[in-house]
Each structure stands twice: as C-alpha cells, then as structure tokens.
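Chemist: One letter stands for each residue in the lines below.
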Amino acid sequence: MNIHEYQAKELFEKYGVATPKGVAVKASAEYSTALGQINTANGIMVKSQIHAGGRGKGTFTNGFKGGVKFSPNKEKAIENATAMLGNTLVTAQTGPEGRKVQTIYFTEAANLGKRPDGRDDEYYLAILLDRATSRPVIVASTEGGVEIEQVAHSTPEKIFKVQVDPAVGLQPFQARQIAFALGLSGDLFKQCVTLVTRLYQLYWDKDCAMVEVNPLLVTKEGQLLALDAKVSFDDNALFRHPDIVALRDLNEEDAKEIEASKYGLSYIALDGNIACLVNGAGLAMSTMDIIQHFGGSPANFLDVGGGATKDQVSAAFKIILGDKNVKGILVNIFGGIMDCNVIATGIVEAVKETGLKLPLVVRLEGNNVQAGKATLAASGLTIVSGDTMADAAQKIVKLVNQK
Amino acid sequence: MSILVKENTRVLVQGITGDFGARHARLSIEYGSQIVAGVTPGKGGQVFEHNGVKVPIFNTVAEAAKQTGATVSAIFVPPPFAADAILECVDADLDLAIAITEGIPVRDMVRAKRAMQGRRTRLIGPNCPGIVTPGRGEKSHGGCRIGIAPGYIHKRGKVGVVSRSGTLTYEAVWQLTCKGHGQSTCVGIGGDPVNGTSHLDVIKLFNEDPETEAIIMIGEIGGNAEVEAARWIKEHCKKPVAGFIAGATAPAGRRMGHAGAVIGGAEDTAAAKIKIFKECGISVAATPSDMADALLRIWKG
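So the protein lines, in turn, are chains C and S. Following my numbering, the numbering of the first sequence begins with 1 at its first residue and continues without gaps. Following my numbering, the numbering of the second sequence begins with 1001 at its first residue and continues without gaps.
Isolated chain S (complex conformation):
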C-alpha cells in the first residue's frame, strides 16, 4: 500500500495548458503516472499530448472526473484563481485536491477551508511540492507523481516522508534512496499558514498504512503544527519517527520565504520545537544532512 495515492491513481491537472502545469504534466507522464485529464475553462475538447499519451482537456472538473474517472486533481492555476479551482474539486467530490500554486491570499484559503468542512475532498497544500508514491520500475518509474518533485530521486520502500518544504523533502528522500531505503509515500503539505492537511493528518495515515514502517517528519519555525503532531506521536504512533526542524537561525518576526515560516511566539521557535520532538521520543536530526541517519539510528530497515 501507500497513502493518499497509488501507482494507478487517475489524476487530472487543472491549468494543464499553462507553462507550469504543462511542464509538470509532461514530467508526470514520463514518470509513468496516470495523467488522464486536463482542465482549462474554455479549452474543452482540445488534447494535451506528450510521449504518445493523449490527455483530453475539459472545461470543468466535474466533466473531467465524470468522463475519465479521475479522483485526484493537481492544481497549477495562478494564485488569484486557485481557491476557486480548489472549490471546484470539492464540488466534483474528488478524493484529493493537491494545490501546488504559491501565493494564494490567506483570506481566499480561510474561506475555501471553511467551505470544505464536511465535504469529501481532502486538500494538500497549497504552496506545496505535491505527493509522490514511488513506482517499482527503474528510478522508481511507474509511480504516482503529482506536483513538482523530481521522480527519479525516489525508490519504492517503507519510509513515509512528510514535510512543508519541497527541496528539504528531496534532500531527505535522496539521503534515504542513496542509503538503499525506499519510501512508501512522500507528502509535501506546503509552507502556507492555512493549509488543507497538517503534519498530524499525514502521520495518522502513515501510522495506519501497513507498508509504512518508519516516518520522517520535517518541519520549520512558525505555528504549532509540528508540536501537535509530536504530542500525538508520543501517545499513539506505533512506528519509529525521525524529525528535523528548519529555522534555528531565523530572526523573530521575519518571514523566511514560506508565508507560514515566521516566529510569532516563544513556541514557534526551532529550539522549542526540537525540545518537544525529543520529549516525544522523536529522533532529531542535528543538521539537514543527518535526516536519514537520524531515522536509521532508531530503525534498521
């Protein structure tokens, strides 16, 4: 198994005709993912073609899902229209909306998140690298890659990875792969203050997933999501967890690239989070180079 998406998950791409969306739709097709539909309002009926794969384009998400059986959407639409794109997935009752878009206004996300309450669709992101469930082919080919992560750094295996940051996730994944340890699923939950799925949500899914045997949780300064997850892990998690927190040197009150990475109060600091991680039995990586090793100190693979 894996979490959230499997090798055969059928994916539609909102914004497939834009540069960003098109580029990553092509990379996903090359990785062997099932990109089955595109959605661009007004371009319904056109076809997106790459490597001999023909992807039909629809005007609406509902139509795309109905015609192709897509259950997950990758959202690449520009920030002013992204919340609308998310809510269109909710309306179409998709399983999962993965919002890659960076720079969505907080107010839009506050409203969208409220409107998603009680609905079927789960949101990952926004401002996230997406999800990869590695495949079993060469360089993990044949997996489900949704978003912007490089596919080839992965390897199918037993470690679940959850992180807010893209490149820091790749760093952890690459360390694991180089040491011969594969991943069940890698989830980038995004760097915004309002996001759809938290560290804790993903940890719970990994905890229940039979294929996942160990977990790496990567966090950063700002907010209390990592702390909430750590406390839950201490009480409930059956699997070894390693962690890393970025931002030990970040000054208070400055936004470190991610809109969510701002030290507001005393508990938002890296030092406070690391302390709580340790108290909760999480093996903490001293540096980002140490993430895979921190896990391997408590889990033999």
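The shape of chain C in the complex, shown without the other chains:
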C-alpha cells in the first residue's frame, strides 16, 4: 500500500525526523488558512499529491507544466495550487491517463546548502528488503535529488549499502558507517546517525515495504532535512496497523482492482484487448505471455485463486467486461483440485448473465474436465474450446483479429 508524501512526512515527524513544515489541503477555500500556518518568508513549495513519481517534470492535461512548483509568495502559491487542484497530472509513472490531483501540499521552501563545487547539498537514503539476503538493507548515496537507478548504473561506487541483521536490529556503528559514507561531520554527522536510526525504527515498526528520502538535504542553516518522503507498506501486514490502513486513499487506486479485491481476485489492468481469466498467479502471468507470443495483446492480469468458486468467476467476468478495450476473452483453468464442471457452470451462468457478445475461448484441464467440457458444449452458447494453452491462445488471437 502506498501513501501520499504529506502522510509520509506526518509519520516522519512522529518519529522525530525533520521535514520542511507543511500543510495539506483538499479545497481551494483552505488555501489562505493553510498558508497562514507556515513560514512563507523563503517562499513556498506547492506540491501535487498523487501516488506516482516524476511529479516535478509532469504536465497537467490542461497544459500547466510541473506538479511541484516553487512559489516566491502566497499569491503565486495560490495561483499554482489553483492550476493543479482538481486537474489531471501526467508523469512518467502515471501512464498517459494521468492522475487527478485531489490534495495540494504547501511546504516551507528550504534554503539549500551548497557543496564546495557549487552543487546543491543533496543525498539519497532508502530502506527496503534485500531479497538476495532476506534482510533489510539501507541504501545511501551522496548523489541525491536525481534518479537513484541512474546513479547505480553510471557510478555504482557512489551507492553505499548496509545490511541489517533482523535478530539485533540496526546497530549504532552501522548508522555511523552511513553518516561517514555520506561524508558528513560535526553536528551534521550526529543528525544523520539519529535520522537513520529513527527511519529504520519507522521501517521496522510499521512493516514498511520501503522508506525512501530523495533528496535528503543539508540546509544553509546546517540542518539535515527530508525534503521528499516516499513510504509504502507490506499489504500482508496491514492487519496489525489500523493507523496505516486509515491512510489509504482509494482515489489513487483502480476502481476495477478494488472491486476485484472484494471477491478475493487479483486483477491488474493492462492496455491490450484480450482479457484473460486464470487460476494461479504464475499461470495467469504466463497466459498473458502466451497471448502476446501468438500476436495478441493481453488486457489484464486476473488470478481467480487456487480454489475459485462460481461467484468469483461471475464477478471476474463483470470486471473484465468493465474494460471497454476488451475484444475477446480467454479463460484458462488448470483445475487440479477444484472441479472443472463447477467452473464450466460458472462460466455459462456468467455469459448468460452478462449477455456476452465477444468471442470466448475456454481451456479447461484437470479434475472432472470431461463433464466441464460437456457443460460448455450443451450450453448452446458460442464458446470455443481450447485443448492446450497454445491452442486456446491461438484461437482467441485469431478470433479477435478477425473482427
């Protein structure tokens, strides 16, 4: 689960990690009051709150450029906020449809410190799981404010990593290693050790999937400040964090994906035109792959789970058909334990209920498969049967391309 920057910074503040003071607003009527609560002497940052990166370089569908804007005064801040709030921001990470900005975050602009070479004094810090070691890893770099993937690719020596032993947690010497690696000294060194320790505590306490600060900034006044904050959580651990669940913003999630999750279905929309309905995540992924292999384009990932029921199949059909790009459907079920006939009955009912007019290819394999195929054949519906995954994929691609 993802949260907004302003929510992440509220968590940071709770853990004693310094961030620029800010106020989030959801309506233009609140602008003045909000701006009155922060110090605007150095100017104001106006930041669109969406769950996607690349906001600063994004463009609104109304033509306005930049989802994050420096504003020298309150008037300009209100002008910028007005251009953003309620409008749709397209960034490198949102896809062409963009995201509607429903919250604006005003923050005090920080006085950027400079390095001897004149560059801004910005760093990178993140905490996440290292899959190779199954341990948390803290990643730090002197190269902040830019894309870390780029730094890792071109100057890997500027990426510093510390593995944390989960049996004992982050040790003080490790926090010091990071502060040394970032080249900090004196009071900034101490600030860094404290900040790393507190962020790790947040990461661990709240079952975070990732905590990322980019940039981590040194101000002219000599303060270490988290200028941006990105925090995501392990969905499997949300049951023990009602305070985090309360931060969920359904506006940022795909309506069809939310609907699917209500039925225990795992659905992800893609931009192709052949929908698929499959049991099991690995098989669902490879069903998408085989559609593409034979020249088609998958419209979604949809895993109905290992023990799909009639109701789930019916709900899955409705979700699939909610996507107007869909021109055909491929059902691929390997009914190891579950009864193929139950699935076949579910498919027939769903087709009748939704009045499906699109081509439908069904590949059933496994338990009681003959009865399942008989049910499909006896339904009087135009359901094409596929014998293998390859056969079924070729058939649906052909049917869709004929239209």
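Each hint should be verified, as a subset may be incorrect.
To be verified - With a straight-line cut-off of 25 Å between C-alpha atoms, the simulated DSS-like cross-links for lysine-lysine are:
#1 1066(S) / 373(C)
#2 1006(S) / 373(C)
#3 1179(S) / 1300(S)
#4 318(C) / 262(C)
#5 1043(S) / 206(C)
#6 1006(S) / 1066(S)
#7 14(C) / 26(C)
#8 1300(S) / 1234(S)
#9 1113(S) / 1158(S)
#10 1239(S) / 161(C)
If you're looking for bench data, these hints aren't it; they were derived computationally from the structure. The structure presented is a predicted model; accordingly, all values stated were derived computationally and were not measured.
Got chain C; can you put chain S on it based on the hints?
Modeler: Then chain S, alone, in the frame of chain C:
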C-alpha cells in the same frame, strides 16, 4: 530415491482442524501419504479421521513429533500465526517445514529465516503448493503429497520439477505425465520475496539425486533467484535442464499476484532471465505449453 520426501515420510499437519488444512489432509490421506499427526493448540487429544485413518491431534509440534515420529510438517495456519508455526518446527528439530500459507508479513519471514540459520530444519515456502514425490500405484497413488497439489496428475519417474508457482507446476507435470514421463519429486518453493528454499537449493538436491535424470525449472519475474540457479547449472549441473520464465508481458513496478513477482531492476525482467538461461545452456520453453517439449528436445527419457 527422490528428494526431500519419500513415499514413507511421516508427516504432521499444523492447522489440521481448519477448513483448508483439513481438506488437504484428507486429500493427502486419499493419495496414500503418511499423515501421522495433526497439531492444533488446545485441541490435543482429539482425533482427525478420514477413510478409516485415525490421525491423533497434539497441542504442540514437539509432542506430535515425539509421539508419532513425524519428521515433516505441512503448515496451513493463518498468516498472522504462520511464522510462529514455522519456528515451532525449528524448535522441534523437524527435517522439513512446508509452509503453504499465503500472505505472511515480510517482517515475520525475515525474522523467522534469521532464526532458522544454523538449525536443522529446512523451510519450503511460504505461499507455495508444497511437495509431491509421486507414488508407484495407479495415478501415482501411494506417494508423498504435502500441500495442495493435485496428486493424480503425477507419475513416478525421472524428472525433477522446481517452480515458484502452483498451477504452472501442475501444467508442467501434466505435460510430462501425458507424454509418458514421470517425476522424481516436484517442489513448489513459493511466490514470496523471502522464502526458505531457493531454486538453486532444489537444483543442487536434484543434481545429487540418482533417480532424477533431468530437471524442469520454472521461474518468473522479480528477484535474481533463477539467475543464481542458472549460473550454477552452467558450472556444476550434470543433468539436462529445461526452463520457463513467466511474466514477459508484466509491466514494471506492478506486483503480479505473487508478492515476489515485481520487476524492480533491469535484471528482474523475463527477457533478461531468459537470455541468461540460454547462455547457461538451459533449454528454454517459448510458451508454457512447451515446457515438457523443451526438456524432451535435450533429453530422450
């Protein structure tokens, strides 16, 4: 032989009184597996009965193992309690803990895996279909089925199968069986980012197993476990290996059902993994329908 479990391996089931655990305990009993104990805290002394087989239920894993000689546990307990269930197997010094449970928090697994270091117990999973060593009876009856895989699709034979995904494993197994080729052992290692046993661990076991003559390795996007295994295979594996990677069409940054199936970096993609598989001499299946054939192109059975 086979790897990890044999026909006569004695198995206990944690969570045998829950719907999920009970259902699959019954199916394992029907398959002829040696389900010798159940564990549900507070229900010790009760008996789980199916097809005339009486399975005693114990309060603790240690007690169940001591009384029945069980060496392997199948874990079906709900996610909030699953890491605890795994560590209880470790405490009882079982050979193997097979965690079927889906949805265990990463933090719990990070701690559990750390606590297992240096201990006797090997973990398979979590979020996995389990293990099957097929039997020699009709429809492979009499084998050791631990977890949720359908038993009847198997056939005893010479191919070792390792995969993260359940249904994709069944697909490969069924293709093999339909073409007349049986399996030594089929291992589902699970779709989570933190798991107990990797592709490589299983490949090493297959490499040493005299009954296994060829291997199918099924992987997916996310992480570098398949790559690590492929590089080892190139250097050390004595047996022909076919492979498949799912997720060629998956977009970056989206979790594809399995918590571990997320493209993070350039090396997590299907294309990158397939390229490395080929470089390492693995026969790559172009589609999931081609998994058995990919093996049979390099191994005649």
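Chemist: Would you mind marking each hint as holding or not holding in the structure?
Modeler: Each hint tested on the structure:
{"no.": "1", "hint": "1066(S) / 373(C)", "verdict": "violated (48 Å)"}
{"no.": "2", "hint": "1006(S) / 373(C)", "verdict": "violated (36 Å)"}
{"no.": "3", "hint": "1179(S) / 1300(S)", "verdict": "holds (12 Å)"}
{"no.": "4", "hint": "318(C) / 262(C)", "verdict": "holds (13 Å)"}
{"no.": "5", "hint": "1043(S) / 206(C)", "verdict": "violated (33 Å)"}
{"no.": "6", "hint": "1006(S) / 1066(S)", "verdict": "holds (20 Å)"}
{"no.": "7", "hint": "14(C) / 26(C)", "verdict": "holds (22 Å)"}
{"no.": "8", "hint": "1300(S) / 1234(S)", "verdict": "holds (20 Å)"}
{"no.": "9", "hint": "1113(S) / 1158(S)", "verdict": "violated (31 Å)"}
{"no.": "10", "hint": "1239(S) / 161(C)", "verdict": "violated (37 Å)"}
Hint compliance for this structure: hints 1, 2, 5, 9 and 10 are broken, all remaining hints hold.
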